[in-house]
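Could you build all of it, start to finish, from the sequences and the hints given here?
Below, each chain spelled out in residue letters.
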Amino acid sequence: MNDSLILATAVRITRPVLFLFAVVLFLKGHNAPGGGFIAGLVTAVAVLLGLLVHGHGNRKTGRPTFLYVVAAGLGLALLTALAPTLLGWPFFTHSFGFIDLPLLGSVELASAALFDLGVYVVVVGNVVTVLYALTERR
Amino acid sequence: MMNNLCVLPVVIPMAAGVLLILTHARPVVSRAIAISANILSLGVALALVETVRADGIQLLAFGNWPAPFGIVFTVDMLSALMVAVTMVVSTATLLFASVSLDDRLEKNFFYPLFQFLLMGVNGAFLTGDLFNLFVWFEVLLVSSYGLMALGSQGYQLQETFKYLVVNALSSALFLIGIALVYGATGTLNMADLVFKFPALAESGMAGVIAVIFLVVFGIKGALFPLYVWLPRAYYGPPTVISGLFGGLLTKVGVYALFRTVTLFFAPSSSFVLPLLSFVAGATMLLGVLGALSQWDFKRILSYHIVSQIGYMIMGLAIYTPLALAGGIFYIIHHILVKTSLFLVAGAVEKRYGTTNLRALGGAADGSPLLATLFMFAGLALAGAPPLSGFVAKFMLLRSGLEAANHVIVAISIVVSFLTLYSMMKIYRYAFWREEAETAIVVPGEPVRTFAIASLVTLSLVLGLGGALLLPYVEIAAAQLLDPAAWGTAVLEARVR
Amino acid sequence: MHFAVLTVVAVFITCGVYLLLDRTLLRVIIGLGLLSNGVNLALLASGGLGAGAAPILGHGSAAIVDPLPQALILTAIVIGFGVTALMLTLAFASYQSQLSDDLEDLHGRLDDE
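Those protein sequences? They're chains A, B and C, same order as listed.
Just so you know, the first sequence maps onto residues 61 to 198 in our numbering.
Just so you know, the second sequence maps onto residues 141 to 636 in our numbering.
Just so you know, the third sequence maps onto residues -13 to 99 in our numbering.
Each hint should be verified, as a subset may be incorrect.
Over the 10 Å line for every Cβ pair with chain B, so calculated as not near, a few chain A residues [to be verified]:
id	residue
1	Pro76
2	Leu138
3	Ile159
Only part of the chain A face toward chain C is listed, based on derived beta-carbon distances under 10 Å [to be verified]:
id	residue
4	Phe158
5	Leu161
6	Asn186
7	Val187
8	Val190
9	Ala193
10	Leu194
Honestly, the hints are just simulated from the structure, not real lab data.
Positions of the beta carbon are idealized from the N, C-alpha and C atoms, including for glycine.
Here you go:
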């Protein structure tokens, strides 16, 4: 890749913002626009920017590693969906509750968020795998 | 009846697929995981068949959202039987693949793709929601693209590309059909549609939607005149994978036709059944004529897939209880027999390094057992007694005569003889004559023969003991012909 | 409103089909992309179009549109994304192995009967 100082500097600043934005999108997702999928895409864009600036470097093993990430995400999503069946509820039934945390007050905890986390992980792993596969020189 | 059993045929392959990604670099572990997952799913599928026989239609509302609002899995006898036969042939194929595939291919995510393919196939059989059907189709298609390109030979890549474009086009049409259905009725739940779809008949919308879906499932199921993608595409991948595709993939399209035509299209549009009848005849005839012109083991078998699909559609087009039962029997018979024929081709290829009939010869000397198995499977495909093909064809012919549809009966008899001729041609050139000099002994032959033998034995059992399967098939046909009862059962099921 | 959206759908699908008929792999891929975008728009229109309304309840606005088509489109887009990525990889791989992205050149390299 060409070394571009402007791009490198811009990416150094925007990447943390993108990662934070992804977190915000993820947490917003339950009741408002956002969610694991779009947060995953934003994270993947941040990774892509890094790829644009630094190239592959010596990370030759990128592809399989990120496929393991995909597997982990799929597993998490599947387990979340399966959990209610152990209690006799139909597959995919979600549950939620509220707990009081110091500083934040009453916080809703939903099992759907775990599923969404799985989606997030799958999307990040998947998109990064695709990017690596399409940009590597064979 | 709400039952979490319904979703296990999807969950087990998915869980296995996830595990298999993690173990992809270790073929021995992968084989063990894949085969045990398959046997587990097979057990679940058989349990489902028995549950449906004993207690009627089984349901699962995902996330506890009741029928018209959430996605439901609806398992009637047809779904349960299809899942069961899927698991039978995929287990045999997996056994065959585990001793035949290159180490390199096995490590290149063969097992995860295989399991995700099964997940898609089973999901498509089980779902009761039109859009969900689209999603499962995509799951199985994406996995099949991966499997088809496995090995990345030049020929494979371009055929996969064409296969992909054809299927992407049909998926786009599928979505247009779904958009029309949703726009016109406001629902995509099949049970809900049973009652809302007939109202579209007056405006002519029902006919438009029917045509779009017939084209979509016609492409996926390789019907005349939309089968042209199939023979070349199925030639490319390793023979085990062709076998699985030949047995299973087109049958998902056929299943979708059985499901949608009986639920919506036949009751609301009068042109659907005569059209299907014509398509069935043309598919049979042109498929078998294509096969006659070929000189390659795999290509001949690929054209026969097309030809045989005509018989299944014939059962659907005649549309009597006996005809539908015959059609379903035919699907089950065909999945078993076609896969076993492809596996024989794979075993021959392993031994002689080619599937070109002109270069082959004398396989009967080298492996008499394989030749015997091929003979049985080939006779079953042509419909000779006492094999499963005979029972299926007998049911279809009888229902055709009862319905006084003489043209299609005549075509199906002619095509049967041409099929027999084509199987004799393979036997004559590949198994008789002097043994080709290229014969090499490759390890794993007993396992390969066992996998083929188990499928052929099942075909023999279904032929001699057709009465074993008949009650199940008749229940399936009766359920298909009574969409209102099916719809009511789904809509009125109570969630917990 | 419906007429305008459907015109856009028609344009997208026409352009998509035109590109699909080209022999260059890359144009075929772009054509399929256009086609699936057109179809997604059609799917959006199937739920009824409300000007200025969002598919979200309880955020101040009284007007809402049917959220189901949006969920369907999201699914279709995700699937389309995966398929496009796969097609690009395939086209890239076949370009590398055959040094051409023209279907006509690729055709019949392996002798068939």
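These are the hints, each one checked on the structure:
no.: 1; hint: Pro76; verdict: holds, 30 Å
no.: 2; hint: Leu138; verdict: violated, 6 Å
no.: 3; hint: Ile159; verdict: holds, 23 Å
no.: 4; hint: Phe158; verdict: violated, 18 Å
no.: 5; hint: Leu161; verdict: violated, 24 Å
no.: 6; hint: Asn186; verdict: holds, 8 Å
no.: 7; hint: Val187; verdict: holds, 8 Å
no.: 8; hint: Val190; verdict: holds, 5 Å
no.: 9; hint: Ala193; verdict: holds, 6 Å
no.: 10; hint: Leu194; verdict: holds, 6 Å
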